[in-house]
Each structure stands twice: as structure tokens, then as C-alpha cells.
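Asks: Please construct the entire structure, taking both the sequences and the accompanying hints into account.
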Amino acid sequence: MSCPGTDTIIRTKGLSVGYNKKTVLSLVDLAFEKGKFISLLGPNGSGKTTLLRTMARLLPPCDGSVLINQISLNEFRQDHLARILSVVLTDHVSPGLFSVFEFVALGRYPHTGFLGRLTKTDEKAVTASLSHVNAQDLIFRQIETLSDGEKQKILIARALAQEPRLILLDEPTIHLDLKHRMEVMSILQKLCREKEITVVASMHDVDIAAKISDHVVLIKDGGVIAWGSPEETLNKKSVAALYDFEGASFNPDLGSIEIKANGHRGSVFVVGGIGCGTVFYRLLAKRGFAVSTGVLHTNDLDYYVAMSLGAECITQSPMKKVTQNETNKARLSVRQADYIIDAGFPLGELNRMNTELIKYAIDHGKQVFTLRKTEDARQLIKTEPDNLFVCRNATLLLKKLEIWLKEKNQKLQGRRIEK
Amino acid sequence: MNEYQIEKNLTVQSKRRSLLFVVFAAVLLVSVALNIITGTIDISFSELLRIIHAHDTITTNGFIVWKIRIPRTIAAVLGGAYLAVSGLLLQVFFRNPIVGPFILGISSGATLMVSVVMLTTLSLGLTALAPFMTTISALAGAYAAMTIVLFIAAKVKNTITLLIAGLMMGYMCHAVTSVLVAFAKQEKLKMFVLWQLGSFSGFKWSEIQTLFIFGGMILILVYALSKPLNAFLLGEAYASTMGVNIRVFRFFIIFCSCALAGIVTAAAGPVAFIGLAVPHMARLCFVTSDNRILIPGAILLGAIVTGLCDFVARLAFSPVELPISSITAFFGAPIVISLLIRRKVPV
Chain A
5 MSCPGTDTII RTKGLSVGYN KKTVLSLVDL AFEKGKFISL LGPNGSGKTT LLRTMARLLP
65 PCDGSVLINQ ISLNEFRQDH LARILSVVLT DHVSPGLFSV FEFVALGRYP HTGFLGRLTK
125 TDEKAVTASL SHVNAQDLIF RQIETLSDGE KQKILIARAL AQEPRLILLD EPTIHLDLKH
185 RMEVMSILQK LCREKEITVV ASMHDVDIAA KISDHVVLIK DGGVIAWGSP EETLNKKSVA
245 ALYDFEGASF NPDLGSIEIK ANGHRGSVFV VGGIGCGTVF YRLLAKRGFA VSTGVLHTND
305 LDYYVAMSLG AECITQSPMK KVTQNETNKA RLSVRQADYI IDAGFPLGEL NRMNTELIKY
365 AIDHGKQVFT LRKTEDARQL IKTEPDNLFV CRNATLLLKK LEIWLKEKNQ KLQGRRIEK
Chain B
5 MNEYQIEKNL TVQSKRRSLL FVVFAAVLLV SVALNIITGT IDISFSELLR IIHAHDTITT
65 NGFIVWKIRI PRTIAAVLGG AYLAVSGLLL QVFFRNPIVG PFILGISSGA TLMVSVVMLT
125 TLSLGLTALA PFMTTISALA GAYAAMTIVL FIAAKVKNTI TLLIAGLMMG YMCHAVTSVL
185 VAFAKQEKLK MFVLWQLGSF SGFKWSEIQT LFIFGGMILI LVYALSKPLN AFLLGEAYAS
245 TMGVNIRVFR FFIIFCSCAL AGIVTAAAGP VAFIGLAVPH MARLCFVTSD NRILIPGAIL
305 LGAIVTGLCD FVARLAFSPV ELPISSITAF FGAPIVISLL IRRKVPV
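Chains as they are written, first to last, in my numbering: chain A, 5 to 423; chain B, 5 to 351.
Some hints here could point you the wrong way.
What the simulated footprint calls covered on chain B by chain A, stretch by stretch (three residues with Cβ under 8 Å from a Cβ of chain A suffice, anywhere in the stretch; the number is not a length) [claimed, not checked]:
(1) 235-243
(2) 280-294
Negatives, chain A to chain B, calculated, CB over 12 Å [unchecked claim]:
(3) R121
(4) N255
(5) D390
Rather than coming from a laboratory, the hints here were simulated on the basis of the structure.
It should be emphasised that the depicted structure is a prediction, and the values quoted were computed from it without experimental measurement.
A virtual CB, placed ideally from N, CA and C, is assigned to each residue, including glycine.
Replies: Put into C-alpha cells, the structure is as follows:
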């Protein structure tokens, strides 16, 4: 956690925020430095928007104070504040018949004279703001004809035209498609780096926030539960607590959220490693299979994904050979699993023992699906058993698995009817 | 787009707008001339020029031109301009394209208060204020109605609900007015009914002077507010963070729009739809929502439209004169309906 120093642009002291005396968040003590990207994270209704609106002086604080450049927010004249702070809100904006140029020029408000006539400097600031958000070519389009993503960029350009030191954004990426979501985030990041503007944004995507922010603030249950760098603050436990996750988990190493498998369709053992298993863990979890896997080295991508999906893992330390010891544990899992998938991992000195598991499964009459080429599989197993299906890729393998399951169920049903 | 192209594009745009202003100013002059030339009594063009040049108010024709036609034309032109600006202000204020002083019940509130003064003896003691009584009561009525509408608007954000609330306000004011009319004495009634039909006739030069000076000052104030008005188009939150002092600004908008609607209503009676329709015409003509352009645009267009409507009211069934509201409603109401259907022309 950083101490408020001379670089601190905005700071809250014992701040409580809310509407009509009804407090939503209390005892907020935060300090943000210049040129930093801060994400406010928290479930819907936790008070992120209320906090932002209070920081922008759109709402009076219930208690405590907000300081900008060490001066209390109350003491600013409206137009002075507008030169330091600008906002991008979720309020629906339909200003009417304005070209993008005219609209962004509205942001020059605190800098222009009595009637808002634009000088050369103002015009330059407008075009510069547009180029900062990669929207120069929209300059003479009408606002009403823009898409949501383009409109969001223009709203950011308008905020920039105010030449602020601090921009507050409420859900800047909501309603945007993936392309614009990434574009908006990288624009904001660029503003922090190149123009040393402090960006405070309320966000929903924990994974994007984790990757882009300098600081994250976790807001829940009427208070700030934690804040600091995402690397320190965001972990499996804090994110799960923040959103009351049950069926999903956040993996700080991968910086992503995985949906846990609930396993109502039987269990599958994946013989994986070297990143080959990941696709299967996700596919199987998505389709409702319980997953167990092994033997994985604990520095393997497969290990991280399998763990965050809640799969049972048999592991070995990094750079160590898989030995009989681990294989024995894995054999137990193989025996318990309904089907076995061989992810087709490349063979090396350290994981050669894993091939034993495939042979073991076949010998025990388990249905095995493999991604290896026919000749490789033949070489590996040396026989051509009935209970081995060779598939070209992961999707085909899963398709094969589904078909096989269906046939098996039909047979079972048929037998029941005969009886 | 490079700097040169941007510069060029902006110049083209401002040239186009200037040209449009020149055209509208010319059209206004023509419509003013038309109103002065035509009438139930034929006055030849050369005669007219002589009367104007010689400032002849003694002959019958001179009297007609100087005491009837010219005051009436000026009143219509000013009234139209004020109503249009009043409507524009309300549309920006409510961020709602379908409002105007008449629709929101502000004109009806003014009518009600005027009826109280004209039809009852409540104001008998105030003889000192007698000449201004209509104006004062109209303004009081306008502000009272606006206060109620603001209260409703704070509760509902929906365009249509606000519209209906305004209409209901209008009905209630109308109901009270009707009760007053039922109890009123015959001789008082005639004057009120004539006033209520709405007409720009019978203006004295002194009244025109008041209308011109008072209204003109407010128009200047409104134009001075055009920068915050533009910021307000983005909504209160954005306007506030751009440096607009919302509370002061809200007060000024309401003060100006009610004052403009009030003084016109006091003098000419309730005139429907000018305040609603003209700002839209200005937006469509100038293709912008920039109030620095729209305010002068609405002034010119309001003057032209009302001038022409009054022209039609006088001459369509001459010598019978139609109430001005019947003409303005004829083109105003369809505009409201088309706006409701399309909901495309934004504020």
C-alpha cells in the first residue's frame, strides 16, 4: 500500500458516501498517485459508482472528505475543478445534432471564453484528444450515427479535451464488444503512461483489471475490503470473497477466471502435461465431467488450469522425473475414472512414466481416447486394442466421446428393456 | 484527416450557417412587409410608402398602418421569437424534445392567473398596479405552473409521463378558468374571451415598447447562457463536471423561459405550439444542437412562423379573424405527433 506523498493527486479521508443520507460505503481511506491506473472492483450495488460520483463532486459526501492536490473538494470553484478532473459516466448521452468535433469541443468548456468560441489552441486540443483515442477519422461524423464502442471513445476524448490530471470512469467497457473493450482499456493505459493522467475506473472484468491496473480497490459490504497492487491484492481467496464465487475461481497466476466442473456426467482421467491437457480440462469441465489428471509437474500450465478448475491432480515437483511412486497414485485415479483421455503430450525423459498409465488403462478395459497419430499410438502401446479410439483433435475427440456415451447408454437401456 | 482539411470543413460549415441566417433575415423582412401591405382595406404600395415615409397617422389609411398593422406585425414577430426561445430553453432544460411552454401547462397557468385578475374583483385594491396587472399575473401563473411541473419532473424521468402531466396541468387550469368564466359578469367576460382566444391585435405602442425592452434584455441574457446551455445537453452530471454551476444555471433557465412565455401570454393570450415546433425547425434547418446557432435561429424562425400564421389568421376568412392559436395548432400538432412516432429528432 502506498503512502500519500507529493505525487498523490486524489485522496479520501474517512470518507462515507451514499444517497440521501443513506450510507452505501463508509470509512474509505484511499490515495492515488499521478499517472496510475486504478480499478474499483466489486459486485453490483457495492457502491463503486457512488464513490466515483462523490469523488467527482456530483454527490456530497455523507462524512469525511475528498482531497485533490491536498485541497478539499469543497473548496474548488466549479470551473477550476473542471480543469483537474473530468468524467466518463454511464449516463445515456444523446446531445442531439452534434458532429464529433463539436461534441469533443464541448470538453473545452473550462478553457474557453464567455461564449465558448474555440481558439486555435482549443481546436488543436480537440484534434489531439481525438487522435489519443484513435478516432481522428470520426471527426465529422454525427454523434447519433456512432456505434456504442465509437461513442465510448468519443466520450473519453471529450473528457480528455478538458485537459484533466484525473479522469474518473464509471464502467468504461460495459456494453462494448471485445475489440472495443480491449481498445478502450489500452487507450486508458496509454493515457496513464504518456500523459501521466490518473485514471480511476470502476470495472467488472477482474481478469482485465488485474492485467492493466497499477492498483485495485476491492469494494464490498459497505467498505473497502482491500486495496493495493493487483499482484498483492488479487488472489483466489480475495476474489472469491469479493464476488461470493462458488462455481468459479480466480487464478492469479493465469489472471483469469475458470468455471469449476461439477462432474454430474461421470469422471474422466486426462493423461496430460506440457500444456496439452488444458484444452481438455476446460472442455470437460464445460460439459459437466469431473476431471482428474496426472502426472503433472507443478510448473506446467496444465497444473494451473487443472487446479483452478478444481480437478484432482497427481503431481511431481518441477524438473524431477515422474517415478513409480506418483504413477501408483495415478493408477488409483485411472481405476476410478470412467474414461481416459490421452492428451497427446510430447514424450521426454521426465514424463515417460505417464505412458505407463495409458497402457495400464487399456489393460484394465477402460475406454481410452488418444490424440496421438495411429502409428505413434501403435508404437507406444504395441497392440491394437478395441478400447482405444484415435482422434485427430480435441473437438473431434470430445465428439467421439459424446457419441460413444450415447451408444453406451442406448445399449444399457436396450438391455433393461430385454430384461 | 489533416489540419488543413479540418480547417476547410469548419469554414464550409460556418459559411453555410451564415448564408442561412441571411436568407432567414430576408424572409422575415418579406413576411413583415406582407403583413403591413395586406389587410381588409386595400392600401396601394405607393400610398403605403408615403404613409411610412411621412409618418402619417392622421388619415384613415395612415391610422390603419401606424396604429393597427405595424404594431400588430411587430407584436407577432416579437411574440413568436420569445415563445420559440422559451420553448428551446425548456427543451434543453428537460432534455426532452416534446416540451414547450404550452404543452407543459405554463401558458395555461398564466391564463388562469390572468382570468383571476380579469374576471374577479380580487385585484381591485391594487389600482397602482392596474396597467401591469395582466403581465404580473401572467408571470405569476407561469412560475406557479413551472414549479408544479418541476416537482413532477423530479419524480418522473419519462418523456411521455411528463407530457401527460403537463397536459393535465393545462386541463386543471382550464377547469378553474371555466368556473371563473361561469361566475363572471358579462362586461368583464367579453374582454377575457377575446384575450383568451389569443391574438396579436390591439397592441398599443407603449405595450410594444415594454415587450421589446423587457424581452430583448432576456434574449440577451439567454444568448449569454448559450455556453452552459450547450454543456447542459450532456446532462446535469457532465455539465457540472465541466464547470457549470448547476443551481445558478437552472434558476436562470427557468427565470428566462417563464418570463418570455409569461410576457407573451399576458399580451397576446395563450399561443399554442410555437414554443415547441420552432426549435425543431431551427434544428433541422441548421443541422445542429449548438445553442449559439439555435438561439438566433429560433428567434428568426419564431418571428417568421408567427408572422406568417398571423397573416393567415387575418386573411384566410377575411373579414373574419381567426384566433392565432388555431393556425399555430394546425401545423404544430402534426409536428408533435410526428416527433412521437419517430422519436428521432433529439434535443
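Asks: Each hint should be assessed against the structure and marked as holding or not.
Replies: Checked hints:
Counting residues of the region 235-243 of chain B whose C-beta sits closer than 8 Å to any C-beta of chain A gives 6, which meets the bar of three, so the coverage hint holds. Check result for the region 280-294 of chain B against chain A: holds, 5 residues qualifying (beta carbon to beta carbon below 8 Å, three or more required). Once the 12 Å rule is applied to beta carbons, R121/A is inconsistent with being away from chain B; the minimum gap is 9 Å. The claim that N255/A lies off the interface holds: its Cβ sits roughly 37 Å from the closest Cβ of chain B, which is beyond the 12 Å cut-off.
With a cut of 12 Å on Cβ distances, D390/A stays outside the contact zone with chain B, its closest approach being about 68 Å.
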